[in-house]
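**Q** Chains as they are written, first to last, in the numbering used here: chain A, 19 to 257; chain B, 201 to 504; chain C, 1031 to 1323.
These aren't lab readings, by the way, just hints derived from the structure by calculation.
Check each hint, because a few of them may be wrong.
Claimed, not checked - Sample of chain A residues facing chain B (criterion: CB under 7 Å; computed from the structure):
#1 V22
#2 A24
#3 G29
#4 G33
#5 R35
#6 R36
#7 R55
#8 E59
#9 P60
#10 V63
#11 G94
#12 S95
#13 V253
Claimed, not checked - Only pairs whose alpha carbons sit at most 25 Å apart, straight line, appear in this in silico SDA-like list of lysine to any residue:
#14 K336(B) - G225(A)
#15 K1319(C) - V1306(C)
#16 K1319(C) - L1304(C)
#17 K1078(C) - L1174(C)
#18 K268(B) - G214(B)
#19 K268(B) - R106(A)
#20 K313(B) - V22(A)
#21 K313(B) - A21(A)
#22 K333(B) - G94(A)
#23 K333(B) - G33(A)
#24 K333(B) - S89(A)
#25 K336(B) - N237(B)
#26 K336(B) - V181(A)
#27 K268(B) - R252(A)
#28 K1078(C) - V181(A)
#29 K1319(C) - A1301(C)
Note that CB positions come from ideal geometry on N, CA and C, so glycine has one too.
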Amino acid sequence: MNAVVARLTAGELLGRRRGVVLVILPAVMLLLAVLARSADEPVKVTILTIVAFSLVVPLLGLVLGTGAIASEIDDGSIVYLLAKPMSRYAIATTKVVVAAAVTVALAAVPTWAAALVLGLSTDVAIAFALAAALAGICYAAAFVLLSVATRSAVVFGLLYALVWEGVVGGFVPGARVLSVQQWALGVAEGVLGPAAAADIGLDAAVGATTGLLLMTGVTLGATWYAGQLLRTLRVTGDG
Amino acid sequence: MSELVLAGVSRWYGNVVAVNDVTMTIGPGITGLLGPNGAGKSTILNMMGGFLAPSAGAVTLDGEVVFKNTDIYRRVGIVPEGEALYDGITGRQFVMANARLQRLPDPAAATAKALDLVDMTAPADRGLATYSKGMKQRVKMATALVHEPDVLLLDEPFNGMDPRQRLHLMDLLRAMAAAGRTVMVSSHILEEVEQIADTIQVLIAGRHAASGDYREIRRLMTERPHQFTIRCSDPRSLASAVIADGSAAGVSVHEDGVDVQAIDVGRFTRLLPRVAREHGVRLHEVTPADESLESVFAYLVARR
Amino acid sequence: MTTPPSAIYDIGYRHYEGPRLGRSYVWATLFADSLRGAYGLGRSARAKILPWLLVGLAVVPAVVVALITALGIAPEPPATPARLIINLSLLVLVFVGAQAPQSVSRDLRYRTVSLYFSRPLRRIDYVSSKVAALTVAVFAFSTLPATIVYLGALLAELPVRAQTRDWLLGLVIAAVSAVIYAAVALAIAAWTPRRGIGVAAIVTFLFVTSTIAGVLQQIATGTAATERARFALLLSPSTVIEGLESLLTGTATQTGVVSVDTTLGLGLVGAAFLLVAICYTVLVLRYRKVGIS
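All chains should be modelled from the sequences, with the hints used to inform the complete structure.
**A** Structure representation (structure tokens):
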């Protein structure tokens, strides 16, 4: 973890134009929460689950995870970080931490707020916020890794975030076990306790411990592997 | 005093050989790495910078392998080709960040010194996005100099610089070389390299085509006759004397001088003053007409 | 050896005064090149992966439906061609989101747009050929699964007229969705030279708007405001297409909003036209200000 890298990355992620765009997604979520206040509770929970976990959290994780490193690799300015006596793992870790922190701020906190605006209980709000935070961290790490591994990270990330999480993960039973969304919701279920969870119709594909372990494993593994790949990253020229 | 050694280095990608068995030693002073585009210059630079492993052979800095070795960056400064820099921060902040990443004990002082060296103290507090191409290039130099490295690797450093900035940079590089640092400049602009490089390394199609001082390389190119342009008082006598001697492949006579194509340069240079004195010809000017880096280079490229 | 006198040698460069192929030829060439580029043809191997992967993903459900029909497992095809296209809209969305930047972002990034416009190619030609090419590409993408389902129905010897009618409706929906998606995607992609940002922007826009529309429908359906729920269809390109499909086939939409009546139908058609017109205008305006650097 390196403070200078952190500051540079945060500057890149929250620069004026990008910062404005990033705020749109949570704003939309809150707006929908306001509009959905009059719906029945099961509908509210479904809406929150879809909007937060199929849309806002994965998309923010994608934009922030790729934003933390992809453009630097793409235009070659990553060389300023690599040509320093600094461990590549430190670079990867810092990038993931910054991306994860911003994702938590822009996804988990609004999820908590949206749940309260919808009129759901504080317990539910906290459970969902926690789940959103964990999922956001996991996505950030995974997309940082993807950005180091391939130049088309955004496209493949979108395919995953939308097609897999949104459709397959929701409908195909076997695939649900492989979805970050389900792992996060499993943790939410665990936090709420089985009775409260059943009350609001929450039924994740995995249990709380499994979900937590999987997310931790993916986060740590992705960060480590990103560091590995950075050690052999070629800083291209054209001669 | 640092030495960068490439020993039998090759790099291939599948069936494509980018660098083919290159052996060279880059020592103190300014070395120019020349070659047409696609010759493997950037591959070699990547390998020297420790970003790429050779498929065969070894790249070492003072005996230490450079690949996957982050410690070398304390002694090596790299000026990349690309224009891209971080937005939203000033030049001073950028150089300062680099200084901090280098773990320097006094980053502020080092930053000020580096900015002064590249003559960027005045605009240092403006945003990087407002800089012209030449200013960005100078800031990049500052980031590479801030930790006072022994080795400097520069990729197309004169890109985008106006003549005044170019002269300034050349002076800077000469000063560093005089202080005993190892400077390597990769370029395909021969005129600039000609002016500053003590040694050149020529890469053509991945192979190491020549190395050393370019004038000496020229002398080694014996298949090609050397051109001399001589302005003198009596061209005809001089021409006939030179032809009679036989060390020239061809002579052409002009109103005020003679153009000679000499096969045996050593012999010709001893011949010329003797013959001129014998025939009473006054020599006004003797110029080797094609002893430029450009002609050396053209010959090497065509020859392979 | 004497130096030869100065001369200019004729090495074959000649000024051309003869007939030239016209503007339509230029347009057709750019159209063909952009169309091929949408499927990665004429580009590197890496550029072929995504479009053909998506084609494969689109074909699989179509084949499954066709098999179910052909083998007589179900009495009726589980999905009509038109409805299948709607179900596959996520894949169409990703396709257009990924391939619109492939078409225009490259020219912006490497500044070759100014090279295009210094040839006898008007700006309107550049825009129209790119739009036409992507529209045709998306149309082909949607038509393939629709046709597979139709073939399955024919093999099952279901009544030809009804099935052909369904197939033709499918083609109409494919065409409508192609026109709308291509216009929206290009209008967004033309604003950035970076392909990744273009893809993210298009897909985010389409996905977010369709999710918002879907959520609003859900909200309204839950309460007694079903009337208003139907107008949520107007809020996003994807749902406009959905609504148009429902209008043409006379069945309920995917999300269960019961039949689209005349008012809503007119509204949908109007919204579609308006959206496409806005996108074309945005595109033409964008290429007004192209310079050399």
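**Q** Each hint needs a verdict: does it hold in this structure or not?
**A** Verification of the hints:
1. With 7 Å as the threshold, the beta carbon of V22(A) comes within range of chain B, its nearest partner Cβ sitting at about 5 Å, so the hint holds.
2. Proximity of A24(A) to chain B is violated relative to the hint, the smallest CB-CB distance being about 11 Å (cut-off 7 Å).
3. A cut of 7 Å between beta carbons decides the hint on G29(A): the least distance to chain B is about 5 Å, and the hint holds.
4. A hinted interface residue such as G33(A) counts as satisfied when its beta carbon comes closer than 7 Å to some beta carbon of chain B; here the least separation is about 5 Å, so the hint holds.
5. At about 10 Å, the closest approach between the beta carbon of R35(A) and any beta carbon in chain B exceeds 7 Å, and the interface hint on this residue is violated.
6. Restraint check, R36(A) versus chain B: the minimum CB separation of about 10 Å is more than 7 Å; hint violated.
7. With a least beta-carbon distance of about 39 Å to chain B, the hint placing R55(A) at the interface is violated under the 7 Å criterion.
8. This hint is violated: E59(A) has a C-beta 45 Å from the nearest C-beta of chain B, more than the 7 Å allowed.
9. Against a cut-off of 7 Å between C-beta atoms, the interface hint on P60(A) is violated, since the closest Cβ of chain B lies about 46 Å away.
10. Here the hint on V63(A) is broken, as its CB sits about 41 Å from the closest CB of chain B, past 7 Å.
11. Interface restraint check: G94(A) against chain B, minimum CB-CB distance 4 Å, threshold 7 Å, status holds.
12. Given hint, S95(A) at the interface with chain B, holds; its Cβ is 4 Å from that chain's nearest Cβ, closer than 7 Å.
13. Given hint, V253(A) at the interface with chain B, holds; its Cβ is 5 Å from that chain's nearest Cβ, closer than 7 Å.
14. Distance check on the hinted pair: K336(B) and G225(A) sit about 54 Å apart at the alpha-carbon level, beyond 25 Å; violated.
15. A C-alpha spacing of about 21 Å is found between K1319(C) and V1306(C), which places the hinted pair at or below 25 Å, so the restraint holds.
16. Taken as a hint, the K1319(C) and L1304(C) pair is honoured in the structure, with Cα atoms around 24 Å apart against an allowance of 25 Å.
17. Taken as a hint, the K1078(C) and L1174(C) pair is honoured in the structure, with Cα atoms around 18 Å apart against an allowance of 25 Å.
18. Pair hint K268(B) plus G214(B) holds up; C-alpha atoms about 22 Å apart against a cutoff of 25 Å.
19. At most 25 Å may separate the alpha-carbon atoms for a hinted pair to count; K268(B) and R106(A) meet this at roughly 9 Å.
20. Restraint check for K313(B) and V22(A): the C-alpha separation of about 20 Å stays at or below 25 Å, so the hint holds.
21. As the CA atoms of K313(B) and A21(A) are separated by approximately 23 Å, the hinted pair is consistent with the 25 Å bound.
22. Distance hint between K333(B) and G94(A) is fulfilled; the C-alpha atoms sit about 16 Å from each other, no more than 25 Å.
23. Of the pairs offered as hints, the one joining K333(B) and G33(A) holds, with about 22 Å between alpha carbons and a cut-off of 25 Å not exceeded.
24. As the CA atoms of K333(B) and S89(A) are separated by approximately 20 Å, the hinted pair is consistent with the 25 Å bound.
25. This hinted pair checks out: K336(B) and N237(B) have alpha carbons roughly 23 Å apart, not beyond 25 Å.
26. Among the hinted pairs, K336(B) with V181(A) is inconsistent with the structure: their alpha-carbon atoms are about 42 Å apart, more than 25 Å.
27. About 12 Å separates the Cα atoms of K268(B) and R252(A), which keeps this hinted pair within 25 Å; it holds.
28. At roughly 19 Å between alpha-carbon atoms, K1078(C) and V181(A) fall within 25 Å of each other, so this suggested pair holds.
29. Between K1319(C) and A1301(C) the alpha-carbon distance is near 28 Å, which puts this suggested pair outside the 25 Å criterion.
Checked against the numbered hints above, the structure violates hints 2, 5, 6, 7, 8, 9, 10, 14, 26 and 29; every other hint is satisfied.
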